[in-house]
Structure formats: structure tokens, C-alpha cells
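Q: What follows is each chain in one-letter form.
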Amino acid sequence: MITYIRNICRWVEQALVPDPTAPRVEVVEQYTIQSQGVRRGQRSVLVNRVPRPYWEERGWQKVGGKYEGMYQTRFGHWFGYVTVSPSGRVEVFIRNPPACLEKHPHWACFNKRLDGWYFIHPIKSIADVSAGIINVEKTITEAYED
Amino acid sequence: MKNITIVPATGGAYSDITIAPGTTPRDVKKQLNLADEFVLTRGRGTEPIPDGENLYESVKDGTKLFATTAVEWGQ
Numbered sequence: 001m002i003t004y005i006r007n008i009c010r011w012v013e014q015a016l017v018p019d020p021t022a023p024r025v026e027v028v029e030q031y032t033i034q035s036q037g038v039r040r041g042q043r044s045v046l047v048n049r050v051p052r053p054y055w056e057e058r059g060w061q062k063v064g065g066k067y068e069g070m071y072q073t074r075f076g077h078w079f080g081y082v083t084v085s086p087s088g089r090v091e092v093f094i095r096n097p098p099a100c101l102e103k104h105p106h107w108a109c110f111n112k113r114l115d116g117w118y119f120i121h122p123i124k125s126i127a128d129v130s131a132g133i134i135n136v137e138k139t140i141t142e143a144y145e146d
Numbered sequence: 001m002k003n004i005t006i007v008p009a010t011g012g013a014y015s016d017i018t019i020a021p022g023t024t025p026r027d028v029k030k031q032l033n034l035a036d037e038f039v040l041t042r043g044r045g046t047e048p049i050p051d052g053e054n055l056y057e058s059v060k061d062g063t064k065l066f067a068t069t070a071v072e073w074g075q
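Protein sequence lines, in the order shown, are assigned to chains D and U.
Here the first sequence stands for residues 1 to 146, where the numbers follow the working numbering.
Here the second sequence stands for residues 1 to 75, where the numbers follow the working numbering.
The hints are simulated quantities; they were obtained by calculation from the structure and are not laboratory data.
Computed from a predicted structure; not experimentally measured.
For each residue, glycine too, the CB sits at the ideal point set by N, CA and C.
Be careful, since some hints might not be right.
Here are the simulated distance ranges between beta carbons [said to hold, decoys possible]:
# : chain 1 : residue 1 : chain 2 : residue 2 : range
1 : D       : Ala108    : U       : Asn3      : 39 to 45 Å
2 : D       : Gly116    : U       : Lys30     : 22 to 28 Å
3 : U       : Met1      : D       : Asp115    : 21 to 27 Å
Computed list of lysine-lysine pairs in DSS-like fashion (alpha-carbon distance at most 27 Å, straight line) [unchecked claim]:
#  : chain 1 : residue 1 : chain 2 : residue 2
4  : U       : Lys2      : U       : Lys64
5  : D       : Lys62     : U       : Lys64
6  : D       : Lys103    : D       : Lys124
7  : D       : Lys66     : D       : Lys112
8  : D       : Lys62     : D       : Lys124
9  : D       : Lys124    : U       : Lys29
10 : U       : Lys30     : D       : Lys124
Turn these sequences into a full structure, and let the hints steer you where they fit.
A: See the structure below:
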């Protein structure tokens, strides 16, 4: 009788303790999300990149000989415009620059004009519109980080 | 190896290049025949990547960098 009870207890223990060799996760159903661009039986589509200058990529617009847009940094956006004279002279302007620029070493290069606009004076001629925009954005970032 | 794209900030053809560990912007500029005054930058206010920096470490695969000329403001 005792042996019988022991056998029952052992059977119950075995039934309750999980088999360590058994897989812990059972996959009932599997599916794969197919890429929208590449489906089975279809060839991938190579998207052509349009070579755009920096000013255009950043949403600036050319209006006559003037480029208008916003200087964009992680600290904010500021209105600006850049002019290119017929001789190729590039001039850079910013409207209501951030106050922190006033402590920047180059603040003296920001010459006040009407209606909150400032002309930024370069030491050497600026090569192109994009170079002007990139460098104004860099100067603004420097002012915020200092 | 990492694949990156160099875009002239002025516009023009993109250059898709493959860089090995230790590649610097100086190496890239030489390969692309860019003059010394050019700098590589991510734009949006970021600092240009120094010419001697290990580009392989500082960029991800697929990064797009702009090649532009530095401008110094002054009176």
C-alpha cells in the first residue's frame, strides 16, 4: 500500500515539474512582414537621387538673385536671405539673430540693418550660397553651446 | 568597410565612396580631388569634421556628408 502511494506521489511530481529539455517558447504561427518596396517575385526599385545643393535641401528658395529661407539648427530656426551679385559676390543676412550671439566672438561681424535684419561680414569672399548658410548655422550653434 | 555619400554643398554629382578603418576627411578630399579649403560636414549647425579625424569611427554606414568651404566672419 505504501509503495502504491509512493508511486502515485512520484507520478504527480513528474507531472507537475516541467521537463527541462522541453522548449520554453512554442511558436504557434510565424509570419514575415514583407518590405513594401520589395515583394516576392518583384525586382527592387532603385530610387534616383536628385543632386541638390545644400540650400535647396534645407528648403531655401531662389527668388531672382536672392535666396530666402531659414537657418536651421537644433536650437531653432531663423529667417535669412543670401544675395549673389552679378559678379558672384555672396552676402549673407539673418533676421533677429538669437541673443546668445551677442556674446560670440564674431558678434562684431553682425552689422545691424533695418527691420531686425543683420548683414554678416565675412573676412574672405564666400564661395557660394550653401557655404554661407552652413557657416551661419555653425556660428549660431557655437553661440548656444558656449 | 562603410559606404558614405559625399555631396557638394553647391550641388552637383554625389560621390558614393567606401571607406576603410582609419580613413580621414583628408583622404576623402584627396580621392575626390577636392581642394584643401573644403571641409566635410553634416550641416545643420554641426562642426566640420576635422581633416585628421578617423572618419570611419565618426560616421555610420550610409551617412551623407556635405563638402563645402569654410567661411570666417570678421570685420
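Q: Do the beta carbons of alanine 108 of chain D and asparagine 3 of chain U sit within 39 to 45 Å of each other?
A: At 43 Å between Cβs, range holds.
Q: Check the hint pairing lysine 62 of chain D with lysine 64 of chain U against an upper bound of 27 Å on the C-alpha distance.
A: With a Cα-Cα distance of about 24 Å, the restraint between lysine 62 of chain D and lysine 64 of chain U holds, given a limit of 27 Å.
Q: Lying within 21 to 27 Å: is that true of the beta-carbon distance methionine 1 of chain U to aspartate 115 of chain D?
A: 52 Å, violated
Q: Are lysine 124 of chain D and lysine 29 of chain U close enough, with their CA atoms no more than 27 Å apart?
A: 22 Å, holds
Q: For the pair supplied as a hint, lysine 62 of chain D and lysine 124 of chain D, is the alpha-carbon distance within the 27 Å limit?
A: 24 Å, holds
Q: Quick one, are lysine 103 of chain D and lysine 124 of chain D close enough, alpha carbons at most 27 Å?
A: 22 Å, holds
Q: CA of lysine 66 of chain D to CA of lysine 112 of chain D, is that 27 Å or under?
A: 19 Å, holds
Q: Below or equal to 27 Å on CA atoms is what counts here, so check lysine 2 of chain U against lysine 64 of chain U.
A: Status holds; Cα separation ~12 Å.
Q: Is it true that the CA of lysine 30 of chain U sits at most 27 Å from the CA of lysine 124 of chain D?
A: The given pair, whose Cα atoms are some 24 Å apart, holds under the 27 Å limit.
Q: With 22 to 28 Å as the target window, see if glycine 116 of chain D and lysine 30 of chain U comply at their CB atoms.
A: 44 Å, violated
In the structure shown, a violation is registered for the earlier hints numbered 2 and 3, in ascending order.
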